[in-house]
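K.L.:
Whenever a hint applies, use it, and build me the whole structure from the sequences.
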Amino acid sequence: MIIDAHTHIFPENIKNSRTSYFNSEKEFELLYKQPGSKLCTAEELIESMDKNEIDKSIVFGFPWNKKETAEFHNDYIIEKYEKYHDRLIPFACFNPVKEYAQKEALRCIRNGFKGLGELALYKSDFTDEILDKITSVMNAAEEKSLPVMFHTNEEAGHDYPGKAPVTIKGTLDFIQRFKSNRLILAHLGGGTLFFNLLKNPPDMKNAVFDTAALPFLYKKSIYKLIENSELEDKIIFGSDWPLINPGRYFREIESNVVSKEFKEKIFYKNISDFLYKNKE
Numbered sequence: 001m002i003i004d005a006h007t008h009i010f011p012e013n014i015k016n017s018r019t020s021y022f023n024s025e026k027e028f029e030l031l032y033k034q035p036g037s038k039l040c041t042a043e044e045l046i047e048s049m050d051k052n053e054i055d056k057s058i059v060f061g062f063p064w065n066k067k068e069t070a071e072f073h074n075d076y077i078i079e080k081y082e083k084y085h086d087r088l089i090p091f092a093c094f095n096p097v098k099e100y101a102q103k104e105a106l107r108c109i110r111n112g113f114k115g116l117g118e119l120a121l122y123k124s125d126f127t128d129e130i131l132d133k134i135t136s137v138m139n140a141a142e143e144k145s146l147p148v149m150f151h152t153n154e155e156a157g158h159d160y161p162g163k164a165p166v167t168i169k170g171t172l173d174f175i176q177r178f179k180s181n182r183l184i185l186a187h188l189g190g191g192t193l194f195f196n197l198l199k200n201p202p203d204m205k206n207a208v209f210d211t212a213a214l215p216f217l218y219k220k221s222i223y224k225l226i227e228n229s230e231l232e233d234k235i236i237f238g239s240d241w242p243l244i245n246p247g248r249y250f251r252e253i254e255s256n257v258v259s260k261e262f263k264e265k266i267f268y269k270n271i272s273d274f275l276y277k278n279k280e
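The C-terminal residue of the sequence shown carries number 280 in my numbering, and the numbering is unbroken.
These are calculated hints, taken from the structure and not from any lab test.
Idealized CB from N, CA, C, for every residue including glycine.
Watch out, some of these pointers could steer you wrong.
Restraint-style ranges between C-beta atoms, simulated for each label pair [to be verified]:
id, residue 1, residue 2, range
1, Ser20, Asn200, 25 to 35 Å
2, Gln176, Lys51, 34 to 44 Å
3, Ser180, Lys83, 32 to 42 Å
4, Ser259, Asn139, 12 to 22 Å
5, Lys199, Arg110, 43 to 53 Å
6, Pro35, Glu155, 26 to 36 Å
7, Asn111, Asn200, 16 to 26 Å
8, Pro165, Ser136, 36 to 46 Å
9, Tyr276, Ser255, 23 to 33 Å
10, Pro35, Val258, 17 to 27 Å
11, Ser229, Ser37, 31 to 41 Å
When the alpha-carbon atoms are kept at most 27 Å apart in a straight line, the in silico DSS-like pairs for lysine-lysine are as follows [claimed, not checked]:
id, residue 1, residue 2
12, Lys15, Lys51
13, Lys114, Lys56
14, Lys15, Lys133
15, Lys51, Lys67
P.N.:
Structure, rendered in structure tokens:
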């Protein structure tokens, strides 16, 4: 079994008229202004899942600044979940620091969403001010024991569209502030995953870390390193589809992971335990 914990889908309306959103959505423009930046529908995702033998995918949209766009996109997500309920796991996405965020979170939770994410702060670190602003959203998720996925990225390395000024300290502050929430940190938490190896590590029992965009960020040996570092229970497979085809992950993992048990943890056991068995 394979569960992809990180995929983006878009309504046809947004896919076919992306430029009309650029004026009010500068973060969206930053990520998707290049013609080669893919926007794909739920049906295209299902086709890719079938081709790559993926059983289920966590799906979400984009953290829109405008309330109306976020509502429209989230309505699309739940509509497609109702159509493909055995294949899709819907997460609600919105800009978590906007005034509408808490109301939209509660609306989506009432409508059957299974989590919140991929929430993102493309222009800020997890400062105290930001943590205060997102508290109402995090409390809404905690009350229903729903997981929350946040975008994180590494401080070092090359620049790329969407790379936020997120620091290790900021990410750790975020995890510590919301210890009662179940957290999924995208892109290995920007490297935060590896602070679990400290002799006196920060408390990250409530967090797992996805592999989204790893082929663009790390050497293929990263999987072997994780397997040999007692971190195999903290990592989940996420493709960031359609940014990267899942087959690329499969090839890199197959050539760098030794044990069948670790592959099972990456592809479905860890995320299954996180979504279901650990739910209070």
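K.L.:
All the hints need checking, so say for each whether the structure fits it.
P.N.:
Hint-by-hint comparison with the structure:
1. Ser20 - Asn200: 25 to 35 Å: violated, 51 Å
2. Gln176 - Lys51: 34 to 44 Å: Holds: the Cβ-Cβ distance is about 41 Å, inside 34 to 44 Å.
3. Ser180 - Lys83: 32 to 42 Å: holds, 34 Å
4. Ser259 - Asn139: 12 to 22 Å: violated, 39 Å
5. Lys199 - Arg110: 43 to 53 Å: holds, 44 Å
6. Pro35 - Glu155: 26 to 36 Å: holds, 30 Å
7. Asn111 - Asn200: 16 to 26 Å: violated, 42 Å
8. Pro165 - Ser136: 36 to 46 Å: violated, 23 Å
9. Tyr276 - Ser255: 23 to 33 Å: Holds: the Cβ-Cβ distance is about 30 Å, inside 23 to 33 Å.
10. Pro35 - Val258: 17 to 27 Å: violated, 41 Å
11. Ser229 - Ser37: 31 to 41 Å: Holds, since Ser229 and Ser37 (Cβ atoms, about 34 Å apart) stay within the stated range.
12. Lys15 - Lys51: Measuring from Cα to Cα gives roughly 22 Å; hence the hint holds.
13. Lys114 - Lys56: Satisfied, since the Cα-Cα distance of roughly 13 Å is no more than 27 Å.
14. Lys15 - Lys133: violated, 30 Å
15. Lys51 - Lys67: violated, 35 Å
The structure does not agree with the numbered hints 1, 4, 7, 8, 10, 14 and 15 stated previously, though it agrees with the rest.
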